[in-house]
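Undergrad: For reference, the chains in residue letters:
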Amino acid sequence: MNDEQIETLLRKAPRPVAPAGLLETLQSNIALPPRAETARVNRTETTPLLRRWFPAISFAVIFLSCIVAIAVQTNQIAELNRGNETLRGATQNLEQLRRDNAEYQKLQAEHQELERLRKDFAELQQLRAEVAQLREQIQETEKLRAQNQQLLAANNQPAQSTGNDDSFARFEADARAEAESVYCINNLKQIGLAARIWATDNGGVYPPNWLSMSNELSTPKVLVCRGDKGRTAARSWNEFGPGNVSYEFLNPNGSDKTPMVLLARCPIHGHVGLSDGSVQSGSGLGRTFTIIVKDGKQVYTPLNKRPDGSPYE
Amino acid sequence: MSDHAETLCDRAGAGDLEAASELVSLYYERIFAWFRRLCSNDDDAADLTQRTFFKVWTSLNSFQRRSTFSTWLHGIAHHVYVDWRRTNRPAEAQTDEWWEACAANGPSPFEDAAERDTARRLFALVERLEDGVREVVHLHYYQGLSLSETSEALGIATSTVKYRLREALDVLRSQTNEPKLRAV
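For the protein sequence lines, the chains are L and Z, in the order given. For the first sequence, my numbering gives the first residue as 1, with consecutive numbering after it. For the second sequence, my numbering gives the first residue as 314, with consecutive numbering after it.
Just to be clear, a hint being listed does not mean it is correct.
Below, in silico cross-link-like pairs of lysine to aspartate or glutamate (DMTMM-like), each with a Cα-Cα straight-line distance of 20 angstroms or less [stated by the list, open to error]:
no.	chain 1	residue 1	chain 2	residue 2
1	L	Lys12	Z	Glu342
2	L	Lys12	Z	Glu428
3	L	Lys221	L	Glu180
4	L	Lys12	Z	Asp430
5	L	Lys12	Z	Glu440
6	L	Lys221	L	Glu239
7	Z	Lys368	L	Glu24
8	Z	Lys475	L	Glu7
9	Z	Lys368	Z	Glu319
10	Z	Lys475	L	Glu4
11	Z	Lys475	Z	Asp444
12	L	Lys106	L	Glu95
13	Z	Lys475	L	Asp3
14	L	Lys119	L	Glu216
Source of the hints: derived by calculation from the structure; they are not laboratory data.
Kindly generate the complete structure, drawing on both the sequences and the hints.
TA: Structure, rendered in structure tokens:
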């Protein structure tokens with residue numbers, strides 16, 4: 001026999017017949033448990049309402065909390081984004097304003113510098129006019145002197161001519177000294193102007209020596225005072241040496257932020273050039289300042305009273 | 314039938330006595346027949362059948378519907394039988410006369426006398442199998458449960474059921490093909 005035949009026969013196994021009365025016995029012995037629905041109802045009634053609904057309420061509360069948290073966070077994120085946009089726009093304007101302000105400051109500084117240069121230039125022009133006027137006076141004096149000599153020769157009066165000659169010589173010497181003083185002031189003015197130009201190009205620091213200003217000074221002749229007979233001017237900057245300068249350079253490498261510090265001084269006339277480019281006359285009874293040494297620098301100090309004791313107006 | 318049994322089970326669980334009676338009438342013969350094949354007399358089989366249905370009613374609310382009612386019922390019957398075997402003597406093998414008498418009670422399923430004779434010997438060989446293998450043969454072939462239902466009723470893996478059936482068929486085939494058996 002094979003497996004299939006065996007299985008077929010096994011499935012045909014006869015079923016024993018149950019004895020009579022077994023069914024009735026079994027049916028009479030049925031003892032069903034209490035009704036599940038009734039028990040369930042009782043359990044429901046005995047359970048407190050809050051306890052029965054606690055899982056659902058907990059879930060609902062957590063769900064609502066999450067929704068509220070998400071909404072609040074979304075709102076905050078939106079506000080932060082708006083704030084970022086506003087700040088970003090303001091930052092761009094700020095950068096533009098900074099650039100404009102820096103440019104304005106630069107232009108204002110240049111304008112002030114230009115105004116100062118114009119003022120210096122006007123003063124220089126005035127000095128030049130004075131120099132030209134003095135030259136005319138000298139020429140007129142020369143002319144008068146020539147006429148006087150002609151008159152003396154024509155009249156042949158030695159006694160009178162001698163007296164006139166002396167007074168004329170004194171007048172001529174005074175005029176010449178005055179012209180040299182004015183010329184010296186003009187030189188100091190040009191030196192101060194050149195030093196300021198050099199400082200403007202070099203971060204507000206004055207040059208260390210005369211030779212450094214060769215580009216700013218038109219000629220080395222301005223470094224020799226006409227009253228200094230022992231020195232001669234160099235013909236060019238290539239031939240410039242210590243013997244070709246009359247003035248004392250008093251503020252090498254100084255700052256242009258200290259306008260009252262002396263920049264240069266003429267030992268012949270006593271004129272001083274200050275760091276702000278101005279020149280103060282140091283000759284005669286009209287001297288209105290004194291010089292004090294402060295931190296190793298010679299500082300121009302105006303006097304409250306005149307040397308003779310009378311107050312200044 | 315399975316859906317009908319499930320409906321009756323639900324109604325019985327709700328306290329419907331008629332549904333419970335109908336459930337009994339549907340399944341008591343199968344359960345009695347199973348016990349009768351395993352036991353040596355009608356009284357023990359009837360007693361085990363009553364115990365089985367008593368446990369069914371007390372456990373009806375714990376029926377989780379993970380299996381069919383038939384499978385669940387056979388599982389209870391199996392445990393009842395095991396408990397009974399533990400406290401009583403080992404089951405005696407059914408005699409050939411019993412099988413003959415049993416087969417003569419109704420219309421014969423066999424085609425001829427030779428087949429009936431072969432079947433009678435085959436059933437007798439089944440009763441000599443080991444307990445675990447014999448229970449599997451009873452449930453799967455005699456009671457008509459599927460492999461999965463048999464495994465659920467016995468509480469073992471389906472693969473174990475298959476293994477035991479294969480083992481039973483090997484034994485039965487080898488013994489039915491012996492010359493001595495064929496000569497009988």
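Undergrad: Verify the proposed pairing of Z/Lys475 with L/Asp3, using a straight-line Cα cut of 20 angstroms.
TA: Measuring from Cα to Cα gives roughly 14 angstroms; hence the hint holds.
Undergrad: For the pair supplied as a hint, L/Lys221 and L/Glu239, confirm whether the alpha-carbon distance does not exceed 20 angstroms.
TA: Judged against 20 angstroms, a Cα distance of about 12 angstroms means the pair holds.
Undergrad: Measure nothing beyond the straight line between the CA atoms of L/Lys12 and Z/Glu440; if it is 20 angstroms or shorter, mark the hint as holding.
TA: Holds - the C-alpha atoms of Z/Glu440 and L/Lys12 are around 16 angstroms apart, at most 20 angstroms.
Undergrad: Does L/Glu7 lie within 20 angstroms of Z/Lys475 when you go C-alpha to C-alpha?
TA: holds (13 angstroms)
Undergrad: Decide if the proposed pair is consistent with the structure: L/Lys12 and Z/Asp430, CA atoms, cutoff 20 angstroms inclusive.
TA: It holds: about 13 angstroms lies between the C-alpha atoms, which stays within 20 angstroms.
Undergrad: Straight-line Cα separation of Z/Lys368 and Z/Glu319 no greater than 20 angstroms?
TA: holds (17 angstroms)
Undergrad: Is Z/Lys368 within 20 angstroms of L/Glu24, Cα to Cα?
TA: The hint holds at about 17 angstroms.
Undergrad: Please verify whether L/Lys106 and L/Glu95 have alpha carbons no more than 20 angstroms apart.
TA: holds (16 angstroms)
Undergrad: When you check the alpha-carbon spacing of Z/Lys475 and L/Glu4, does it fall within 20 angstroms?
TA: holds (15 angstroms)
Undergrad: Run the distance test for Z/Lys475 versus Z/Asp444: straight-line Cα separation, threshold 20 angstroms.
TA: holds (15 angstroms)
Undergrad: Regarding the pair L/Lys12 and Z/Glu342, is the alpha-carbon distance no greater than 20 angstroms?
TA: Measuring from Cα to Cα gives roughly 16 angstroms; hence the hint holds.
Undergrad: Between the alpha carbons of L/Lys119 and L/Glu216, is the straight-line distance 20 angstroms or under?
TA: Within the cut-off at roughly 18 angstroms; holds.
This entry satisfies every hint, going by the numbered hints stated previously.
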